[in-house]
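Chemist: Listed in order, the protein sequences are those of chains L and G.
Oh and the first sequence: position 11 is 11 in this note's numbering, straight run, nothing missing.
Oh and the second sequence: position 145 is 145 in this note's numbering, straight run, nothing missing.
If you're looking for bench data, these hints aren't it; they were derived computationally from the structure.
Keep in mind the model is a prediction, meaning the values are calculated, not measured.
It is possible that part of the hints are untrue.
Interface residues of chain L toward chain G, partial, derived using beta-carbon atoms under 7 angstroms [claimed, not checked]: (1) Arg128; (2) Thr129; (3) Ala227.
Example chain L residues on the side facing chain G (calculated, C-beta under 10 angstroms, incomplete) [unchecked claim]: (4) Val42; (5) Asn43; (6) Thr47; (7) Arg61; (8) Asp134; (9) Ser228; (10) Phe229; (11) Leu235.
Where is the CB? At the ideal position from N, CA and C, for every residue including glycine.
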Amino acid sequence: MVKQSLPKRIGIAVLGWGAAFVLFFPLLWMLLTSLKSEPEAVNPSLTFTPTLQSYGEVLARADYLSFALNSVIISVGGTVLALALAIPAAYVMAFHPTKRTRSTLLWMLSTKMLPSVGVLVPIYLLFRTLGLLDTRFGLIVVYTLMNLPIVVWMLFTFFKEVPHDILEAGRMDGARTGAEVWHLLLPLTLPGVASTGLLSLILCWNEAFWSLNLTSSAAAPLTAFIASFSSPQGLFFAKLSAASTVAVAPILVFGWLSQRQLVRGLTFGAVK
Amino acid sequence: MTRTRTLLLAASLLAGSPALAESTLTIATVNNGDMVVMQKLSSAFEKAHPDIKLRWVVLEENVLRQRVTTDIATRAGQFDVLTIGNYEVPIWARQNWLEPMDGLPADYDAGDILKTVREGVSRDGKLYALPFYGESAMTYYRKDLFDKAGLTMPAAPTYDEIKSFAAKLTDKASQTYGLCLRGKPGWGENMAYVTTLVDTFGGQWFGEGWKTTIDTPEWKNALTYYTDVLKNYGPPGATSNGFNENLALFASGRCAIWIDSTVAAGLLYDPKQSQVADKVAFAPMPTGSFKGGPTWLWSWNLGIPASSKQKDAAKTFVAWATSKAYVEMVAKENGWVAVPPGTRESTYKSPDYQKAAPFAGFVLKAIDSANPNGQTRNPRPYTGAQFVAIPEFQGIGTQVGQTVAATLTGQQTIDAALKAAQSATERTMRQAGYPK
C-alpha cells in the first residue's frame, strides 16, 4: 500500500468523522431530546437540566417488554425464514443457472418497486380471511416476502464468488447437494450469509408500515410502541424521543457488537 | 429430542396470538392527555366487570383514521371501541359503519350531554357515538404583558383590537411575539382556524347549491388579515406551527396572545407543563364584521364499529367512560381540573369544577354558542363549525391549507392562492358529484 501524505490522511479523517457525525446526528438529537422535559423539548437549546422523567412515563404507560418480545420474535422469525428460502434459491441460481436466471433475479427485484400501500387492501383482506391479522406469524410471512428479493440477491452475489472447483471437489468425494451447501458453501460464505441475515434483521426491526397496519395489540412490535406516543393535542416530543431511544437501543447494541462481521461481509469478495 | 422441543417452542411462539376470550375489547385511541387518564383508570372498570378485559391500541391520529376505515370497510372486526371526532361520526353513521347508541343504562342521562356536542354526534335524533371530551376555541393572553403595556383585554375583543394589541406587545429582540396562530397546513390544523376567521369576516366554504365561495372578498379580507398579523407580529416559521407547537410557544412565554382550542386551557394552567401558569388569562374568540361567528366545536367520541363482534360489552365500556360517575372518579383521582371537559352540564354545574377551572364558564359559553348546523352570514348547504362535514373535506381542506401556507411564506400572492384554491375545490366537488 502506498503511504499517503499527512495532509491527505488528515483530510480523509476529517471527512470520515464528518460523515459519521452527520449520520449519527439524528440519533444524538433524539437522545438529547429524550432527556429534556416536555416544554424544553420543543426548544432547540442545548442548555437544559437532564431528566429521566420521560423514560419513566413511557415505561409506565406501555408494556415495553411485550412489544420488544414481539419485535425480537418477528425479526428473527422473518430473517430465519427468508434465509431458509433464499439459500437454496441463491445456490441454484449461482451454480446451476439457466437462461432465465438473470431475468428471474431482475423480476424478483422488481417486486420491490411497487409501493407497499398499493397492496395494502389485498393483503389486509387476505389476512382477514386467513385469520392472520394481529398475529406474529402473519408479520413474519410479510417480512419474509418483503426482504426475500434483497436476501436472494445478496446471497447470490456472495455465492458467485465461490469457485466451482471447490464444490466440484466435494461432489467427487461423494457429497450430495445438501452436504455440499451445508459443509462447503455456507462455511465459505459465512461472513456474507451473516451480514445478509443482519441486514434482514435490521430491516425487519425498523419496518413500520406493515406492522402499524396489520397488528393492533397482541402482535404489535416496537414500531407501534413508538407511534403510540405521538399526540394530536399535547406535548410529546420528549416522550416520543424516549420511546424511540428504548426501541432502537437493542438493535443498535446488536449492530455495534456485530459490526466487524457486518463490515467483513459487506466488503467480502472485494479484497480477496 | 432437544431439537424437536426447540422447534415446538419456536412454533408456539410464532403462532403466538392467544385465543381471545369472548369478552376482550380492543379499544383504538389516540395519545391525548384525557385518553391516557382513561387508560389508567380503566382497571376500575375491569374490576367492576370481571367478564370484560380491555386491550388498548394507541395510534397516531391519522394512522388511527386510516386503520379504522380499512377495518370497517373490510369488516375485519379488529376493533370494538373507536376514538373518533365529530367530523367522522355523522359521515360514518350515514354509511352504517357505526352502531347506534341506544339502550343505554337508565342512569346514563344522555340529556345531560351539552346540546351542541350531542347534536354533533347524532343523526336523525339517534346518538352514534358518546362524547368523551369536547372543545371550542378561545383567546389566551398574557395578563402580565398586558398590564406592563397598560392594555386591557375587552370582554368581547374584535380582530382589529387584537391586531393593535399584537403590534404593541411584539418585541422580537426578546423573542416575544404579539400573536400566535396555527400555520401548519392541514384540514384539522391551519384550516380549522382559518375557517373560523373567514366565518367571522362574513365568508364560508360553499354557498347554496354547493357553489364554491373561496375566491371572494370575504376570504381575501380574512387571509390578508391572517398573513399580515402573522408576518409582522407572529413567531418566525409560522407555517410549521400547529396546535402543539403553539402550545409550546405560549407555555414557554413566547406569545402574548394565542387563539386556539379551549383544551389548551387545562394544559396552560398546569405549572408542570407551562411556565406561564400564573400569568395566563382568557377571552372569547375575537369577532370580525360578522358577529354571529366564529364558531368552533370539536369532540372526541367513543363509538362502536358495526363490524365489532362484542357490541354489548363495548357499549357497557363506552357508557362507563362517558358517564357522570367517570367524571367524578377522575376528579377524585387527579383533581377537578383534570376531568374531561366539554361534555356534560353536570360537570359545569359542579362548584368544585368552577373553582378548580376558572376558564370553565368561557368554555361552556363557547361550546353552547357553537352551532354546528350553520352559523355563517349567508345560508349554506353543509354542517360543521370549523370544518365542512363531508367526506371530501379532508382532501380539500388540506389542499387549500397548503395554498394558505404558501401565502404566509410569500411563495404565492393571496389573489393567486384564492384562485388556485377555488378551482381545485370546484374540481374536487364536481368529481365527487355535488350538488347531490
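Chemist: Work down the list of hints and note, for each, if the structure agrees.
Modeler: Here is what the structure says about each hint:
For arginine 128 of chain L, the interface hint holds, the least distance from its beta-carbon to any beta-carbon of chain G being 4 angstroms, beneath 7 angstroms. Evaluation of the threonine 129 of chain L hint against chain G yields a violated restraint, the C-beta minimum of about 9 angstroms exceeding 7 angstroms. Annotation: alanine 227 of chain L was flagged as interfacial toward chain G, and the flag holds, the nearest CB pair being 5 angstroms apart, inside 7 angstroms. Hint on valine 42 of chain L holds. Least Cβ distance to chain G is approximately 4 angstroms, under the 10 angstroms limit.
Proximity of asparagine 43 of chain L to chain G holds as hinted, the smallest CB-CB distance being about 7 angstroms (cut-off 10 angstroms). Among the interface hints, the one on threonine 47 of chain L is violated; its C-beta lies about 14 angstroms from the nearest C-beta in chain G, farther than the 10 angstroms criterion. At its closest, the beta carbon of arginine 61 of chain L sits 7 angstroms from a beta carbon of chain G; the interface hint therefore holds under the 10 angstroms criterion. Checking aspartate 134 of chain L against chain G: minimum C-beta separation of about 6 angstroms stays under 10 angstroms; hint holds.
Against a cut-off of 10 angstroms between C-beta atoms, the interface hint on serine 228 of chain L holds, since the closest Cβ of chain G lies about 4 angstroms away. The beta carbon of phenylalanine 229 of chain L comes within 6 angstroms of a beta carbon in chain G, closer than 10 angstroms, and the hint placing it at the interface holds. Annotation: interface hint on leucine 235 of chain L holds; nearest CB of chain G at approximately 6 angstroms, less than 10 angstroms.
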